[in-house]
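Peer 1: What follows is the residue order along each chain.
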Amino acid sequence: AQKVTQAQTEISVVEKEDVTLDCVYETRDTTYYLFWYKQPPSGELVFLIRRNSFDEQNEISGRYSWNFQKSTSSFNFTITASQVVDSAVYFCALSERNNAGNMLTFGGGTRLMVKP
Amino acid sequence: NAGVTQTPKFRVLKTGQSMTLLCAQDMNHEYMYWYRQDPGMGLRLIHYSVGEGTTAKGEVPDGYNVSRLKKQNFLLGLESAAPSQTSVYFCASSPLEEMNTEAFFGQGTRLTVV
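Protein chains in written order, with our numbering: chain A, 804 to 919; chain B, 815 to 928.
These are calculated hints, taken from the structure and not from any lab test.
A few of these clues could be false.
Said to hold, decoys possible - Distance condition first, Cα-Cα at most 27 Å in a straight line; then the derived DSSO-like pairs of lysine-lysine:
{"#": "1", "chain 1": "A", "residue 1": "LYS841", "chain 2": "B", "residue 2": "LYS823"}
{"#": "2", "chain 1": "B", "residue 1": "LYS828", "chain 2": "A", "residue 2": "LYS806"}
{"#": "3", "chain 1": "A", "residue 1": "LYS819", "chain 2": "A", "residue 2": "LYS841"}
Work the whole structure out from these sequences, hints included.
Peer 2: Next comes the structure, spelled out in structure tokens:
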């Protein structure tokens, strides 16, 4: 069965610090997809990135970057020069290729607090 | 450009009462899902549907029923609410054409059972 673990339940940083959110996953499927979602204080879920298991290239989008390592089953998320607006709960999620219906398995989330 | 709309956004129920949460999507998506979010546990799948007229159980289906009579709507029912069902409920949808694309989420429904 698939499983996603976000060991960091809460992280507090001061603005402009870099911060990395860890995500470790378990799956028996060889084809799978990994996601990150952001949940700001307003409560909605905002899609950030999707990565398939065959693409291990790291990705950078502005201050956000993602490091995917199949060897360690990890898909970590780094925010560079954090800002107060980055304060949110961040979820890592997994979907297996053979899932009927593409449902997601979520990690428990990491609450990031960025202080001014 | 509504996307996924959940009704209601907030509700307080007494133990034993019943209610239905409505999810509507206007993107012609085949797949629809109901998740619940509890502190420290992320989102867990309650039920899902791979098309009109079909439903299936997810990880935590007990105490809930669902129906997908129309492609655009996915209803979640609580027949006899319990305090353990206090949670934030999210509906989501995703298209069939592209495998494992991201799910599009509604705004959530905060349900309190007293």
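Peer 1: So, against the hints stated earlier in the document, which numbers end up violated here?
Peer 2: Those not satisfied come down to hint 2.
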